[in-house]
Each structure stands twice: as structure tokens, then as C-alpha cells.
Amino acid sequence: MTLITLMNSEDVQRAARFQALIVPMIDDAYSLARYLVRNPTAAEDIVQEACLRALRHIDSLRSQDARPWFLTIVRNCFFAVRAIDRAAPTWSVNAADEQTDACDEREWWCDESLDQADPEAILERAHDREVVQTLIAGLPLQFREVLVLRELNDLSYREIAEVTGVPAGTVMSRLARARALLRRAWLGYPGNGGAT
Amino acid sequence: MNCEDVRRWKGALLDGELDAKNTAEIHGHFARCPPCLAAFRADQALQASLRRVGVAYEMPESLRQRIVQSLPGASVGTSPRRLTSREIAARWIARTGWVVAFAASAFLAVVVTERRTDVHDEIVALHVRSLLADHLCDVSSSDRHTVKPWFAGKLDFAPPVPDLSMDGYPLVGGRLEYLQGRVIAAVVYRKRSHTINVLVSPRSQGGAIDEEQLVVATHRGYSVGMWHASGLTFAAVADMDPQGLAAFQRAYESQLQQ
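Listed in order, the protein sequences are those of chains A and C.
The first sequence runs contiguously to residue 196 in the numbering used here.
The second sequence runs contiguously to residue 454 in the numbering used here.
Derived by calculation from the structure, the hints in this document are not laboratory data.
Nothing here was measured: the structure is a model prediction, and the numbers come from that model.
Yeah, the Cβ is synthetic: ideal placement off N, Cα and C, and Gly gets one too.
Incorrect hints may have been included.
Claimed, not checked - Here are the computed distance ranges between Cβ atoms for each label pair:
1) P366(C) - P40(A): 37 to 43 angstroms
2) P167(A) - G364(C): 21 to 27 angstroms
3) R86(A) - R204(C): 21 to 27 angstroms
4) R53(A) - G212(C): 27 to 33 angstroms
5) L61(A) - R378(C): 23 to 29 angstroms
6) R56(A) - G212(C): 45 to 51 angstroms
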């Protein structure tokens, strides 16, 4: 049996806007989804769902806001997908997401001796991309997401505040904490040159 | 500004989110306070390291196909899809590990070379050093009427210093640099938190490129774009992707023609 879809000019216009505004952003959206959900299959589901929603609502988008608008949708889809998974687990979501400032003593990111500010030490630990992805993915969610939105998606503080729904001051302090935690992880990660 | 203020605001400085007044105050504090400066350098080192290695995940092609095919009006069947420049670049980088070049035309036609030259390595190293040392600018000003005359008498040519603030690239300043055995000009611009070094030298014979087109080499998150114009050779280097650098070069050249 063949399904025939009747297309009107509004659909075509919406598709054209989507192609022009959203499609160029889906790579970076996929990376954000990967870091949020920490699972490749789930990330694909999130991006597909986000694209569906974006297409449906694209008439309300002003082109200059496209990036924060779409990434907000991606983030919302992450939470939706996570809620569904909690009800009927398909892939495990790391319980570390529930941490706020509580630090597991065994995690290297609690080692404050690694706070010694040494730019050379950081540059010397030239980690592979997979390692760096793992270090970032290991951060608690509220720090991880602002770091990724800043360093990967290249959003401004105001845009990050828009996407995450927290004030810009909170964005700034979470980013500072994310960077401090990442620095400790960077220096403390075993292997690759040995401990300093 | 005290150390506690600096701890609070240095992230904003790093991300280009700080206004001119507070930027000046933080730099004033750094001049008096080596530990705070070292902490800021550590922040810079971490950010530079993230950019160098690249933190993005590669999206599966099948996902892109599914999304594009699901759009109303998407062609059914197996008509070949035109590759995006990013895909072309990814395939060449995967194959050669070296250099992909783009012509700065509306269609982003790709000219590919497999040769990564010493010049590219030297330019990237120069760029990274300029960010880490206390020496991004000898003359710090967002006013081209301050920066351009500063080079007079220090070089045997006059580097242009176009005003790109309307295109989103404010001027940061300038300095002398040393490249391939010559003293040259470095004119520094900023886009958000990305620093762009534009290295300007008189065009010499037997250079790396012959034609007056933009050739962009990209390696590990840094892009170097080189082109000739008006008897000068330009190299722009930044931790941006080739498209971003090509956009900068278009803005730069179009301002020069005004």
C-alpha cells in the first residue's frame, strides 16, 4: 500500500525554513544531546524528536534566535526522554546527575590539591579527544550543560541563561565551578604522562 | 578590584563577556597580583586545550539522512545528495590527516591540497603563544586610528587595519611578530571569546599559494587562512572552523575595498 501525502505551500515553506535555519545546527545539537544523555542511541532519538518539534513550531522562530531556540528544544527533549526512561528504563541514566555540590570523595574532582593554578601542567597533559569527552561527560549535569553550551555550542551567557532557564549570574558561577572541576579531572586523570 | 572579585569575574573575561571598564580593572589587578594572573592563565590553558583537541561528537550520517528525508518535499528515491563542505572536509581529513582548502566563493567549491606546510605549523604555534604569553598586543586599542600609525617606522610596509566592529569582530590591537625569518605585523581581532591573529607581510616570491584566493588549512581545531591582496600576504589564524574563518576573511576583504 502506498501512502500519498498532500503537500501545501505552507508545508513547503516550513520545510525550507527548517532546511535553512535548523539543519546547519544539527551537528552541534547532536553533541549537546550526547553530553546531556551520555548515550549515543538516546542522543539520536533526542535530536530526531527535537527536529520534529522545531519543524512543527518553526513559524514562531525569528531567524536571529535560531540557535538558543533550537538548543532549548533539544534540552527539553532530553528531559522528556529521560523521564520516559525512568518510567521504563531502556538505557541507564547515571545517578550522579542528582548530585549538586556533594562530591564523592573517591572522585578525582574532589582533590583540591589539583587546584594549583599551573598553565604549563594543563598544557602538558595533552589528552585524546575520547578522554576529554569522558572527563566532560563525568561532570554533574548542571555544570556539564553550561560548559558544553559555552565551549561547544558557543552561546553567550545571556543565551545560556535563556536555554537553561537560570539567571546569567548563576550561569557564570556554574561555569566557573564546571571549569574548576574539569581542571581537577584534567590534571588528576590517570595515565598519559603520569601524575605530577 | 580584589582577589575575590577577580575569582568571580575572570570567567567572564575569558568568555569575552566583560565590559571595558571591568576588563581594565581586572588587568590592573593582574599586574599587581601574580597568583590571580596565574589562575587566569590556567583557565586560558584549559580553554585552549579543549579547542585544540575538539570536544564535539561526530553525528552519524544515517541520522542526518533520516531528518532530511523526513521533511515535506524531500525527494523520494536515490538521487545523490550534494555533499556539504563539512562532509567533504571530514572525508579529506580522514584520508590525509592534513589540509583541506576552500575557495571563498558562494558555493564553497573545494580545492584540496594534501600538503601541510611548515608555515601552517609555525603560524598555529605563533598564535597559541600569543594567547598564553603576556604578549597579545604591543598596542592595545579598539581604534584603528591608534593601531595603524603605531606600525609606522617599525616596519618597511604599512599593514591595513580595517574596522570590522560592525561585522562582529572588534579590534583588539597590534604587535610585531616574527614569521619565516621576517618581522611582520600582527593585527588582532576578537569574535566573542575567539581571538583572531591576522599576520600581514609583503608578498614575496615563491610563497605557499600563487592565486589570489583564500586557502584555509585546518588542523586540530585551528584554522589558518592565507590569501594575497594589494601586494601583501595575509594569514588569519583562530580556533574556529574553516567556515568561520572564511566568513571573517570575507568581512575583512570587503572592508578593505571601502
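Starting from the hint list further up, note which numbers the structure goes against and sort them upward. Per hint list: 3, 5, 6 violated.
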